[in-house]
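Novice: I would like the entire structure built from these sequences, with the hints used as guidance.
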Amino acid sequence: KAGVTQTPRYLIKTRGQQVTLSCSPISGHRSVSWYQQTPGQGLQFLFEYFSETQRNKGNFPGRFSGRQFSNSRSEMNVSTLELGDSALYLCASNSGDRAYEQYFGPGTRLTVT
Amino acid sequence: GNSVTQMEGPVTLSEEAFLTINCTYTATGYPSLFWYVQYPGEGLQLLLKATKADDKGSNKGFEATYRKETTSFHLEKGSVQVSDSAVYFCALINQAGTALIFGKGTTLSVSS
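Each protein sequence line maps, in turn, to chains H and D. For the first sequence, the numbering used here begins at 1 and goes up steadily by one. For the second sequence, the numbering used here begins at 1 and goes up steadily by one.
Hint data in this document are derived by calculation from the structure and do not stem from the laboratory. Treat each hint with caution, since some may be false.
A short, non-exhaustive set of chain D residues, derived as facing chain H with CB atoms under 10 Å [what the hints assert, rightly or not]:
(1) 10
(2) 11
(3) 18
(4) 41
(5) 43
(6) 45
(7) 91
(8) 94
(9) 99
(10) 102
(11) 104
(12) 105
All values reported here derive from a predicted model rather than from experimental measurement. Glycine included, every Cβ here is placed at the ideal spot set by N, Cα and C.
Specialist: Structure follows, in structure tokens:
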């Protein structure tokens, strides 16, 4: 079974721009979660989608948004990028039935200059 | 709210040494607890888990026991290898079961 895939793997953007990251979950998984990883704040939960509905959201500003498609693929968008948004963005999927069995992708490394 | 505290790193050990990484948590009720590992340049992998008090999770020689009395879930391994060098994260699942709450991570470096 193919694992969680994220594209692109690396991205460089300029302050003020927007960015869209993509995540394809493991086949059959209906839940997708996003996390931000930085050296200072560690791993922080952004949001979780299940069957195209956002079920939970972390404490991030409205510039961070996401969506999920009918095939369970998910995208997250960050608008008006700030230097502090530079981070590794990790996507995780699970079947939705056993929430703790989360499988992570390799992440997208976003650098904002 | 829920939170996880784990020992600061880095932890530097020689091959075949005994490993302990401390983890304590604050939570409502008895959430499931996890250890994840992140190898350089990779995403997180689930190492082991425990879903209720006194459960012992184990995998690849690593063990951790869910202790509700001390609200702890310490990671141990009897004999570490160079290939165990990675960052280890302790985590719990939130009440809704929709988000993992992580500790800050502990970097382990094992030398031969």
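Novice: Determine for every hint whether it applies to the structure shown.
Specialist: Status of each hint after checking the structure:
no.	hint	in the structure
1	10	violated, 13 Å
2	11	violated, 17 Å
3	18	violated, 26 Å
4	41	holds, 8 Å
5	43	holds, 4 Å
6	45	holds, 7 Å
7	91	holds, 8 Å
8	94	holds, 7 Å
9	99	holds, 4 Å
10	102	holds, 4 Å
11	104	holds, 5 Å
12	105	holds, 6 Å
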